[in-house]
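J.: Use these hints to put chain U onto chain F, whose structure you have.
First to last, the protein sequences are chains F and U.
Residue numbering for the first sequence follows our numbering, starting at 1 and increasing by one per position.
Residue numbering for the second sequence follows our numbering, starting at 1001 and increasing by one per position.
Calculated from the structure, these hints are not laboratory results.
Worth double-checking, as some hints may not be accurate.
No farther apart than 25 Å at their CA atoms in a straight line, the calculated lysine-lysine pairs in the DSS-like style are these [claimed, not checked]:
{"#": "1", "chain 1": "U", "residue 1": "1077", "chain 2": "U", "residue 2": "1066"}
{"#": "2", "chain 1": "U", "residue 1": "1114", "chain 2": "F", "residue 2": "167"}
{"#": "3", "chain 1": "U", "residue 1": "1023", "chain 2": "U", "residue 2": "1080"}
{"#": "4", "chain 1": "U", "residue 1": "1181", "chain 2": "U", "residue 2": "1031"}
{"#": "5", "chain 1": "U", "residue 1": "1059", "chain 2": "U", "residue 2": "1077"}
{"#": "6", "chain 1": "U", "residue 1": "1066", "chain 2": "F", "residue 2": "167"}
{"#": "7", "chain 1": "F", "residue 1": "33", "chain 2": "F", "residue 2": "167"}
{"#": "8", "chain 1": "U", "residue 1": "1132", "chain 2": "U", "residue 2": "1114"}
{"#": "9", "chain 1": "U", "residue 1": "1174", "chain 2": "F", "residue 2": "167"}
{"#": "10", "chain 1": "U", "residue 1": "1059", "chain 2": "F", "residue 2": "167"}
{"#": "11", "chain 1": "U", "residue 1": "1202", "chain 2": "U", "residue 2": "1174"}
{"#": "12", "chain 1": "U", "residue 1": "1010", "chain 2": "U", "residue 2": "1080"}
{"#": "13", "chain 1": "U", "residue 1": "1031", "chain 2": "U", "residue 2": "1202"}
{"#": "14", "chain 1": "U", "residue 1": "1057", "chain 2": "F", "residue 2": "33"}
{"#": "15", "chain 1": "U", "residue 1": "1031", "chain 2": "U", "residue 2": "1229"}
Residues per chain, in single letters:
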Amino acid sequence: MDIFLQQLANGLTIGSMFALVALGYTMVYGVMKLINFAHGDMVAASAFVGLTIYTQVMGQATSLLAVIVIFLLTALTMACVGVILERLAYRPLRNAPRLSAVVSALGASLVIQNGIMLVWGPRMRIFPELVPQVYWDFNGVVISMIQVIILVLSLVLMLALYLFVEKTRVGAAVRAASIDQDAARLMGINVNSIIALIFIIGSSLGAVGGLFIGLYYRGITFNMGWQYGLYAFIAAILGGIGNIPGAMIGGMLLGLFNAFIAGYVSSTWADAFTFILLILILIVRPTGILGERVAEKV
Amino acid sequence: MSNDVLFEIKDLEVSYGSIAAIKGISLEVRKGEIVTILGANGAGKTTTMRTISQLLKAKNGSIKFKGIELTHLPAHKIVKLGISHSPEGRRVFSILTVEENLMLGAFTRSKVNKETLNWVYELFPRLQERRKQLAGTLSGGEQQMLAIGRSLMSDPEMLLLDEPSLGIAPILVKAIFEQIKAIAGKGVTVLLVEQNAKAALKLADRGYVLDVGKIALEGTSAELLASEKVQEAYLGKKH
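Bound-form chain F, shown alone:
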């Protein structure tokens, strides 16, 4: 039972990080039908940007206010990078064949990954201890303050995103643009602005995810975007790619799955089982858990 509860806590923590990152994949896919392969590397870059803001801008301050400012500045920086990425790598290919955009996404991924290496070096860097190392022991189940912060903040952000998309006028425009771009234009929706908005939201959430990865795992490397990006991508597929609540649920489930495999089987096998899970989803239910809510009537 201890292992179960411990892995439940761990699974929810990594699941919320997967979910935050998965939202970036799924929102871009929803509107542009494009897998933004550079998203994982953007997440990796966020951890390094956060590190630099901590050392260069904030003078290594770790007060609550300083940490909030680090999060906000990192999210803002990455939102700008996201908008620039879309302008340079994707917008010129909007009407090009699908494959061209995919190749461009892979290219952007390599550019960002190598960019991180050039700026911050190829060796592992240690992310600062922004949150005090406080642990609570509940009869052998250990939960850290970092875990609680990651879980709570992720849930708050996801709830905010959900309410924005489901309950506001602009949120409805985002959904409309992801169903039918031309019809959305006929409603007076500026689809280019919606796409920019999606990159802003996706990149900011990814930035928070990247900072969480730094806080939780401590060691950050220039090429870690592939690993976390892939996990988040699988989470997005698990939930139904293009579906926003799907990415949240998919991320959480994948985190739990991963933690339980690590707890009951072996952590060395967690990756292998995750990919087996991906293959099974693609065979049994390619649209994911929440994919394709309605069969379209013609």
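T.: Coordinates of chain U only, in the frame set by chain F:
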């Protein structure tokens, strides 16, 4: 009916790559009129409508609405000027509710006009009954009502209706055409594209017949109904 020209197309040419779809057409619509564009499949009717809404870009020629040139504008700016387009194939947002679809129709307005919403529900009571239902679960005819209702939500001066009868049960076609008449009765100018020439000409004041990208005939509805060419080609009568 006044003689004010509300909308005017001059020498419009549109191509898909190297294939010319519209080869220099001119037409005008006066305020308060119902004007129909008839023609066979592939004549260029939908291409014309999509070019008016700037979903397609003209190769040459001009499209003016109240004296404003549209061809340089992006598509999302058109509806704000007062032109609303109910597209071919309805294109309702299938996984949004009927109500959400209608709200999106009013996207350019700072607030939804309650009067307009009530009017749309009055025109198509079925939409009010099903307002919480996903648009994709409606029948074809109901989706068409939703597409027209949605395009009314911006309080347009001119309505572009592209094939409202396409793939719809005959009994609903009649109902929809009656509502188009009611819409025009409220002072909305209508440009109607139809394959169902008889129904369209019964409703319209004037019409243009499009044939492989060119205007083959134009005139009042009575003239077109009487024309041998129209009767032969579109009304299935042999002389």
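J.: Please go over all the hints and tell whether each is borne out by the structure.
T.: Verification of the hints:
no.: 1; hint: U:1077 - U:1066; in the structure: 15 Å, holds
no.: 2; hint: U:1114 - F:167; in the structure: 19 Å, holds
no.: 3; hint: U:1023 - U:1080; in the structure: 28 Å, violated
no.: 4; hint: U:1181 - U:1031; in the structure: 15 Å, holds
no.: 5; hint: U:1059 - U:1077; in the structure: 19 Å, holds
no.: 6; hint: U:1066 - F:167; in the structure: 36 Å, violated
no.: 7; hint: F:33 - F:167; in the structure: 23 Å, holds
no.: 8; hint: U:1132 - U:1114; in the structure: 17 Å, holds
no.: 9; hint: U:1174 - F:167; in the structure: 36 Å, violated
no.: 10; hint: U:1059 - F:167; in the structure: 41 Å, violated
no.: 11; hint: U:1202 - U:1174; in the structure: 11 Å, holds
no.: 12; hint: U:1010 - U:1080; in the structure: 22 Å, holds
no.: 13; hint: U:1031 - U:1202; in the structure: 19 Å, holds
no.: 14; hint: U:1057 - F:33; in the structure: 23 Å, holds
no.: 15; hint: U:1031 - U:1229; in the structure: 28 Å, violated
This entry does not satisfy hints 3, 6, 9, 10 and 15, going by the numbered hints stated previously.
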